[in-house]
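*Asks:* So you can see what is in the structure, the chains are spelled out below.
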Amino acid sequence: MPDVTADVIAIIAKKLPEPRELKVDDRLEDLGLDSFSEVEIIFDLEEKFDLQIPYNSNDSRLEFETVGQIVAAIQKLVDGKPQ
Amino acid sequence: MNHRVVVTGWGVISSIGHTAATFWENLSKGVSGIAEATALPLDQLIQKIVAEVKDYEPTKHFEARMLPALDRASQFAMIAAREAVAQSGLSLEGGLAERTAAIIGTGAGGQGTLDENYRKLYREGAKRMHPLTVPKLMVNAPASQISMDLGVRGPTFAVASACASATHAIGLAFQMVRSGGVTAAIAGGTEACITFGPMKIWEALKIMAPDTCRPFSRDRKGLVLGEGAAVLVLETLEHAQARSADILGEVVGFGMSADAGDLLAPDVGGMSRAIQSTLADAKLAPTDIHYINAHGTGTAANDVTETAAIKHVFGTHARKLAMSSNKSMIGHSLGGAGAFEMVATLLSVRHNLAPPTINYLGPDPECDLDYVPNQAREMKIDVALSNSFAFGGLNAVLAVRRFT
Chain Y
1 MPDVTADVIA
11 IIAKKLPEPR
21 ELKVDDRLED
31 LGLDSFSEVE
41 IIFDLEEKFD
51 LQIPYNSNDS
61 RLEFETVGQI
71 VAAIQKLVDG
81 KPQ
Chain V
84 MNHRVVVTGW
94 GVISSIGHTA
104 ATFWENLSKG
114 VSGIAEATAL
124 PLDQLIQKIV
134 AEVKDYEPTK
144 HFEARMLPAL
154 DRASQFAMIA
164 AREAVAQSGL
174 SLEGGLAERT
184 AAIIGTGAGG
194 QGTLDENYRK
204 LYREGAKRMH
214 PLTVPKLMVN
224 APASQISMDL
234 GVRGPTFAVA
244 SACASATHAI
254 GLAFQMVRSG
264 GVTAAIAGGT
274 EACITFGPMK
284 IWEALKIMAP
294 DTCRPFSRDR
304 KGLVLGEGAA
314 VLVLETLEHA
324 QARSADILGE
334 VVGFGMSADA
344 GDLLAPDVGG
354 MSRAIQSTLA
364 DAKLAPTDIH
374 YINAHGTGTA
384 ANDVTETAAI
394 KHVFGTHARK
404 LAMSSNKSMI
414 GHSLGGAGAF
424 EMVATLLSVR
434 HNLAPPTINY
444 LGPDPECDLD
454 YVPNQAREMK
464 IDVALSNSFA
474 FGGLNAVLAV
484 RRFT
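Protein chains in written order, with the numbering used here: chain Y, 1 to 83; chain V, 84 to 487.
Hints in this document: simulated from the structure, not taken from any laboratory.
Be careful, since some hints might not be right.
[Stated by the list, open to error] Below, simulated SDA-like cross-link-like pairs (lysine to any residue); rule was C-alpha separation at most 20 Å, straight line: (1) V:Lys289 to Y:Gln69; (2) Y:Lys15 to V:Ala287; (3) V:Lys131 to Y:Tyr55; (4) V:Lys289 to Y:Phe49; (5) Y:Lys48 to V:Lys289; (6) Y:Lys48 to Y:Val78; (7) V:Lys283 to Y:Asn56; (8) V:Lys283 to Y:Glu40; (9) V:Lys289 to Y:Asn56; (10) Y:Lys15 to V:Leu288; (11) Y:Lys48 to V:Leu288; (12) Y:Lys14 to V:Lys283; (13) V:Lys289 to Y:Glu65; (14) V:Lys289 to Y:Val39; (15) V:Lys131 to Y:Gln52; (16) V:Lys289 to Y:Asp3.
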């Protein structure tokens, strides 16, 4: 069973403009990410967990506000994956 | 001395018509060119809808022996250029060929050729590539092919600035004709990006709409890729009048800017500076503008930012002018988009008709201007702008006026 929380945090942390410790309740809009970081993060998550993430950046703000919400969404997709 | 620059011809091949006349007829009726792709492996794509040029048969336009050298992007550009020059009645005899430019924008050139050849090489293990692959896919191929096809011997080159390529190309042509550097110019844009590889890399940006393109509307889900070409003939007023050409409209201003900020996210400041420099170039006041052919991609970011830029530049006049997006019908043809939209803008002035923004469901709180939703509108349009804003933060805006 992969440690989804640690992996998701590591993937997001790579995109931070300044290195810092990330927590699950950190808000995405406070992280100073570039416009293209979000699609890079989605790509890295899809590659890492071999997932297809149903994501459209045109309504992203409605879906994810915190790091923890991404962790939860990935956990759900990982749990639902056929073994 | 600056010359006045007039338009005497245009040609279009698009998802809603293979000629400028059918393009305009369908645009003004709100006909959509967006549908499920016919030439793609849909089972391997998340994004299944596109605005393809339909019922297209290359051999109707080109001798079979020419086709191995002609990428689809070049074919479209040549078809549109032939129509534009035929309409203008321009003859390049008597030294005019040397005083005519051909400037064609394209976002990425021969993408279908690149895709097909790499598939043969990497997947099928081909031992050799077709010898015309390089000249077929080069970004300047459409401009070069038009030059050879029509005998244009003056300044000929490609302009690449992603989604603003065609507008930059037409703008440069306008400046060259205005300055007297050339007497005439054949300028426009082309794109043929609806092939498997390019579709997959566009999917990766996560900005594509799964349903349809709804610029400025609530519940819009992003852009839809389109293809095709549009080309215009520009010339000095003196030259057009001397040969008694039918003058279709006048180009009066061009402005450009760079955001120098984010790679992808649009910028109110950069867009505003491009619009303001266009107005200054044309010596127009904001209140002179009746209609804007919007960039209007249908993404969350573009439409909000473009709306904010219009409010910033036009103030209270922003609520009096009308603005609509052709991309609701023809999708986003990237490097070709600005040329379709420039032809449409000139036709809007000519016919006093603003084409609609179709697929509009209702207002977004942050997009609260008049986008001519769903139905074309007859209205006085003497002066209009055409906006193009590109990835990489590159902005280009053209101003046109009824010729009197």
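*Asks:* Now tell me if each hint is right for this structure.
*Replies:* Taking the hints in turn, this is what the structure says about them:
With a C-alpha separation of about 19 Å, the suggested pairing of Lys289 (chain V) with Gln69 (chain Y) holds against the 20 Å cut-off. Proximity of Lys15 (chain Y) to Ala287 (chain V) is assessed by CA-CA distance (about 17 Å); at most 20 Å being required, the pair is judged to hold. For the hint linking Lys131 (chain V) to Tyr55 (chain Y), the alpha-carbon distance of about 15 Å falls within 20 Å, and the restraint holds. For the suggested pair Lys289 (chain V) and Phe49 (chain Y), the alpha carbons sit about 18 Å apart, so the restraint of at most 20 Å is met.
Distance check on the hinted pair: Lys48 (chain Y) and Lys289 (chain V) sit about 18 Å apart at the alpha-carbon level, within 20 Å; holds. Taking the CA atoms of Lys48 (chain Y) and Val78 (chain Y), the gap is near 11 Å; set against the 20 Å cutoff, the hint holds. At roughly 14 Å between alpha-carbon atoms, Lys283 (chain V) and Asn56 (chain Y) fall within 20 Å of each other, so this suggested pair holds. About 15 Å separates the Cα atoms of Lys283 (chain V) and Glu40 (chain Y), which keeps this hinted pair within 20 Å; it holds.
Distance hint between Lys289 (chain V) and Asn56 (chain Y) is fulfilled; the C-alpha atoms sit about 5 Å from each other, no more than 20 Å. Distance hint between Lys15 (chain Y) and Leu288 (chain V) is fulfilled; the C-alpha atoms sit about 16 Å from each other, no more than 20 Å. Straight-line distance between C-alpha atoms of Lys48 (chain Y) and Leu288 (chain V) comes to about 18 Å, which keeps the hinted pair within the 20 Å bound. For the suggested pair Lys14 (chain Y) and Lys283 (chain V), the alpha carbons sit about 24 Å apart, so the restraint of at most 20 Å is broken.
Between Lys289 (chain V) and Glu65 (chain Y) the CA atoms are separated by roughly 18 Å; this keeps the pair inside 20 Å, and the hint holds. Taking the CA atoms of Lys289 (chain V) and Val39 (chain Y), the gap is near 7 Å; set against the 20 Å cutoff, the hint holds. Between Lys131 (chain V) and Gln52 (chain Y), the direct Cα distance comes to roughly 16 Å. Compliance with the 20 Å bound is thereby established for this hinted pair. In summary, the hint linking Lys289 (chain V) to Asp3 (chain Y) is not supported, as the alpha carbons are separated by about 26 Å, beyond the 20 Å threshold.
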